[in-house]
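Once you've looked at the hints, dock chain U against the given chain Z.
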Amino acid sequence: MDRARLIQAMADVVGPTYVISDPAELKVYETDGLTIFKATPDVVVLPKSAAEVAEVVRLCVRERVPFVPRGAGTGLSGGALALEGGVVIGLNRMNRVLEVDYGNQRAVIEPGLINIWLTNQVSQDGYYYAPDPASQTACSVGGNVAENSGGPHCLKYGVTTNHVLGLEVVLASGEIVDIGGWTPDPPGYDLTGVFVGSEGTFGIVTKVVVRLLKRPEAVKTMMLVFETIADASATVSGIIGRGIIPAAIEMMDNLSIQAVEKGTHAGYPTDAGSVLLVELDGPRAEVEALADPVIAVGRENRMREVRVAKDDTERALLWKGRKAAFAAMGQISPAYYVQDGVIPRTQLLKILGEIEALSRKYGLRVANVFHAGDGNLHPLILYDDRVEGEIEKAEAMGAETMERCIAVGGSITGEHGVGFEKRDFMPLMYSPADLEAMAKVKRVWNPDGLLNPGKIFPTSKSCVEVGAAGKPREINYKPHRIELEGKAQRF
Amino acid sequence: MSELVKTLESIVGAAHLLAGGDARRYAVDGVVPEVAAFPGSVDEVSAVLVASSKAGAAVVPWGGGVHMGLGAIPKRAEVVVGLGRLNQVLDHEPGDMTSTVQAGMVLSDYQAHLGRHGQFLSLDPPGVGRATVGGILAANASGPRRLRYGTARDLLIGLRVVNADGTVTKGGAKVVKNVTGYDMNKLYVGSLGTLGVIVEATFRLYPIPACERTWVAAFSTAVKARRVVAKILDSPLVPSALELLSETAVREVSRKIGVTSEVHGVVLAVAVASVPEAVDAQIRTAQTMAGEADEHEVLEGQVQDAFWAAVRDFDPGDESAVALKASVLLDKAGEAMEYGERLAAQHRLHLAVISEAGTGILRFYFRADEGVDRTTPLAEVVDSLRAFALQAKGSLVVLQAPVAVKERVDVWGPPGRGFAIMRGLKEQFDPGNILNPGRFVQGL
Chain Z
3 MDRARLIQAM ADVVGPTYVI SDPAELKVYE TDGLTIFKAT PDVVVLPKSA
53 AEVAEVVRLC VRERVPFVPR GAGTGLSGGA LALEGGVVIG LNRMNRVLEV
103 DYGNQRAVIE PGLINIWLTN QVSQDGYYYA PDPASQTACS VGGNVAENSG
153 GPHCLKYGVT TNHVLGLEVV LASGEIVDIG GWTPDPPGYD LTGVFVGSEG
203 TFGIVTKVVV RLLKRPEAVK TMMLVFETIA DASATVSGII GRGIIPAAIE
253 MMDNLSIQAV EKGTHAGYPT DAGSVLLVEL DGPRAEVEAL ADPVIAVGRE
303 NRMREVRVAK DDTERALLWK GRKAAFAAMG QISPAYYVQD GVIPRTQLLK
353 ILGEIEALSR KYGLRVANVF HAGDGNLHPL ILYDDRVEGE IEKAEAMGAE
403 TMERCIAVGG SITGEHGVGF EKRDFMPLMY SPADLEAMAK VKRVWNPDGL
453 LNPGKIFPTS KSCVEVGAAG KPREINYKPH RIELEGKAQR F
Chain U
7 MSELVKTLES IVGAAHLLAG GDARRYAVDG VVPEVAAFPG SVDEVSAVLV
57 ASSKAGAAVV PWGGGVHMGL GAIPKRAEVV VGLGRLNQVL DHEPGDMTST
107 VQAGMVLSDY QAHLGRHGQF LSLDPPGVGR ATVGGILAAN ASGPRRLRYG
157 TARDLLIGLR VVNADGTVTK GGAKVVKNVT GYDMNKLYVG SLGTLGVIVE
207 ATFRLYPIPA CERTWVAAFS TAVKARRVVA KILDSPLVPS ALELLSETAV
257 REVSRKIGVT SEVHGVVLAV AVASVPEAVD AQIRTAQTMA GEADEHEVLE
307 GQVQDAFWAA VRDFDPGDES AVALKASVLL DKAGEAMEYG ERLAAQHRLH
357 LAVISEAGTG ILRFYFRADE GVDRTTPLAE VVDSLRAFAL QAKGSLVVLQ
407 APVAVKERVD VWGPPGRGFA IMRGLKEQFD PGNILNPGRF VQGL
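First to last, the sequence lines map onto chains Z and U.
Per our numbering, residue 3 is the first one in the first sequence, and the count goes up by one each step.
Per our numbering, residue 7 is the first one in the second sequence, and the count goes up by one each step.
Simulated from the structure, these hints should not be mistaken for lab results.
Hints are supplied without guarantee of correctness; some may be wrong.
From the derived model, a few chain Z residues whose C-beta atoms are all more than 12 Å from chain U [as the list claims (entries may be wrong)]:
hint : residue
1    : Asp-103
2    : Arg-217
3    : Glu-307
4    : Val-308
5    : Ala-318
6    : Ser-361
Computed footprint of chain U on chain Z, listed as stretches where at least three residues anywhere in the stretch have a Cβ under 8 Å from a Cβ of chain U [said to hold, decoys possible]:
hint : segment
7    : 12-18
8    : 146-159
9    : 442-453
Just so you know, even glycine gets a beta-carbon here, dropped at the ideal spot from N, CA and C.
Same shape as in the complex, but just chain U:
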């Protein structure tokens, strides 16, 4: 046992530490850590960071492991710091619609707690039953409802972070409006644990809507569906989510929720939440706009929940698959979907696409036939789609890919002309380069 492991054991206790072979399950892109430690308090997180910092050991913060596919292959990964034991709601004041929670709390548990007072954290990223609050923030994970509620950057009003040197700092406050000092919260959202380990977060909450229904409509061609999307976006309708699913994606979602009817073409799903009369009125308006729909129906209750869970958690469940997130101009989203499908056909790959038609975010899931090595075409597809996204004033990020593909591509893409500032921030906050080294943009 190395000195570092001994020190960490003395901090968190033997029961909360995995070393050697046992740490193997916390490998990141095949890089196996020496030890996984599970601190039980902020002080312990701090002590772990101090010890790792002294030893120059690379630290990988770990929440629920849902987003570990995100990021480049780590340069080093010696110490996994699991936040799972920091899983308490510290404060929820329903009258203020704010709440403070520890980073290791699983989102669905948190929602259950908040739901008792008719409120929720308006984030619906993938894997809500495993994803932790800290992991969601670090990965800037989001889901369909970002159209209405925004993303973590819009909801996070305060946080506590353990810095690389073990110091504990906070940003923000428990109020929804605050400009005292710099907005430090923004620094950590989406920083993939490369600037500090998030240990607590304070959020602005929303009331659970009185009623929510989803109108789903199938269109024979993507062009028709896009016309409807454009009409909805240019109307005073306020959908919570607006998603376009490719034919293959529809098939997969249908299979998951137990719907057997064959759907041909693309499906548009429009979720509306409000008081019941306003939900119905908006759905009627959407239906009128969509005169050209081939089939349509209104989902509610459990079927609706199952549908959105399947969309959110859409994951081919195949380690050889490549999942991509593109962000493009709204009026290029349709084209992006078509371009992806052309690329898939050219490279003989399977593809499902889910497009957030109201935000310009698209998720592409490429996979090869079983047993066929398609590393080269998968890598080419990443490069081609990125070129498209950049043309559409956007970006493309690899959410998940086999190591062989990650070795061939830039998983983040160009960070823009502000990169020198980003590098400066990393040097200031992690001068020893111990926090997730190599996993962030340009190897930060």
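Bound-form chain Z, shown alone:
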């Protein structure tokens, strides 16, 4: 089927208003949140219902056209790129909260719903949806399901997979099925568990059944200030070593602090070597009892100062600084490349030392802002995209960072996903047999490979050859539009 007929056929399904084929408009869909990679789809369709999604999929299957689901486009691994062209299925119009049931602690939502909207809707009744990726004011829950997204508070509350009980999915065949459900432990294989984190290669989510949590009785947010990263790292270990699991422990180094202060004026001490943002939540008596031990651990490690948020406003300000960290990099560097490696917590100091050494080796500055509590690093490699060869250096340094994470028993991605970006690094972590086991699972869900091709699995092809349709990679790493609009931050 030629492109014109494909566009017409799609228009017949969703209506011409919801088919995007104009080259200028398609530009919006040529990247996701990781803007160094681009691939332009032939057409974008915006269905309104599972039935429409199914029909679009059946059409793609019949015509052997690749198709790629897409939520808000905030992903950070190139997971929503139409690498082989074809159809992008945008789920943005399916953005309703379908059902809220407090008695059963559940909500049913559509995939295009923006993460924070769910919490906004239920917070007046004392409930919330726990997974809180930093982009939660912009990212969609369907995308969160695809990536198994985390966030600062997943240290205590778990990531997306721990909060999703059931899904309605349009399979790669176009069939609509329900997997999992409202209640735990359904009989059979845990299809919901396997689906979450499959990066849009198993099916297209059209409904999500999530767990709602009761708001904790008390929250206490503290900023612990240190002269060195080493002291801050020792404090993280000390807190965990005392059997305390805060809701979040976030770390920022001096470079990050400087960028944040320039950008937000949240009151971070620009001369500090490192700060920890520690949040305790839970029953009031517990939060009160644990605050002193946390501060005591800080003191044992030469903490210079502690600031405890007195109210919600102060608390919001501390978090604003943390959440704006990525966007604030623009204050100190023309461009940056974010990594997402995970390491066992005890290796924190070692890996930070290695990253520093890499920084010297490549002559690129690195700002560290990350989820220290669970060892999920986000080194931001700063570079100047106007300088010849710096992008390549940044990428090479990123690759070495991933290798170091694996070497200490870690993982190449904690929450951003493999997508297109990291697919060729999979063999660092998994043997051919391990990858074959994953490929078996993929073959069951996506036998023809038409659904989101080119993701997760390593290729023998070089990274540069993006897309069978001959679309070259264009490297042009700039903050994503939603970052510039202040809707999202990279975390």
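Then chain U, alone, in the frame of chain Z:
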């Protein structure tokens, strides 16, 4: 001695193999295996699988045998692969709160090891003194504390599996947060050994709480107790466990822990773990919410441990009994308990019910009077309760039943519209259909 037995003997050694009559004790639902082999390494497990695969012999992975009642009657069972010799802790890094353990390790031994560093694996399934890590994962066994800590799927961060063809693969990593590739761990939890033999597992651990106490309160009617449960669930209290015990269950638990006082009505047990002051504060709040309790007291120390062990290991200890696990909407849990009791009365069966009031999981234990064949009513009860559970957006699984009852019922119930995917997974991972054939949903 068959060729296969000879081959297996050459792999594991004669001292680690039972054949013929000696293998009888490893029968599953009356299906007696030809041989039970106990490999001493992952390589040996792999070699056993290769040999069995070649011979087309059906393999039954076996941990501590605690959950062998789960599942449909096997279609075939030639080779039992016992994992008991793979019982070492491979790694425990307290600072990371992660640990890797071999599948054959008994949970209580593992907890003792982790406890030396003030940590534990937050799973409290039945039979902790016999159940192995691998068996618990394969059966997706859980206990009262899942309310706070979740189940195996939430705690397992990595695993190693021997596939049907003998290849050894891993999933996950030794980090608590990881999205590199598909989440293969989820595939094996609850798969009852039908996709591969789990040989190693890596877990996220938790610190042992500073203090734990349990508030138990008796209510004259289930309705009153349920009102309190609803209040607790809609409050910021964070109980570790929240269980409702039927009158008969209370009697059995009391007998086991040596409490003689007569309790009438249902009992609500609320476990709270935190720093001492927060435990006391939460228990006081729960007490206030439960103005209507007839009697109540706070358990701690050994009595508390004994109480929860009796709840967890509640088992009528009677092979003619039928144990069921229902999962229903939270607001249907009370009704489910009452419906079960009505069914028991109608069919002249004895019933004890333990309801995890915070998760919607209920365990029903039906039994007949001694010497009376009640196969038909027991089978009818399974069907009726399942119909109820399905109405309540849930499911009902037979945990244990006499073979005669299993022959009459579907032990798993409908697997939903994703079944074609499940079948596809089974075909991909076990094309020769040698892993526990017939025991899983729809005969997988």
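Checked hints:
1. At roughly 8 Å from the closest C-beta of chain U, the C-beta of Z/Asp-103 falls inside 12 Å, breaking its exclusion from the interface.
2. At the 12 Å boundary, the C-beta of Z/Arg-217 falls inside the reach of chain U, the nearest C-beta of that chain being 7 Å off.
3. Residue placement check: Z/Glu-307 keeps its beta carbon more than 12 Å from all beta carbons of chain U (closest about 26 Å).
4. Distance check for Z/Val-308 against chain U: the nearest CB is about 20 Å away, which clears 12 Å, and the non-interface claim stands.
5. At roughly 21 Å from the closest C-beta of chain U, the C-beta of Z/Ala-318 stays outside 12 Å, upholding its exclusion from the interface.
6. For Z/Ser-361, the requirement that its beta carbon stay farther than 12 Å from each beta carbon of chain U is met, with the minimum near 23 Å.
7. With a cut-off of 8 Å between beta carbons, the segment 12-18 of chain Z has 0 residues touching chain U; three or more are needed, and the interface restraint is violated.
8. Note: the segment 146-159 of chain Z has 4 residues with beta-carbon separation from chain U under 8 Å; the three-residue rule is met and the coverage holds.
9. Here's how the segment 442-453 of chain Z fares: 6 of its residues keep a CB closer than 8 Å to some CB of chain U, so the rule of at least three is met and the hint holds.
In this structure, the hints that do not hold are numbers 1, 2 and 7, in rising order.
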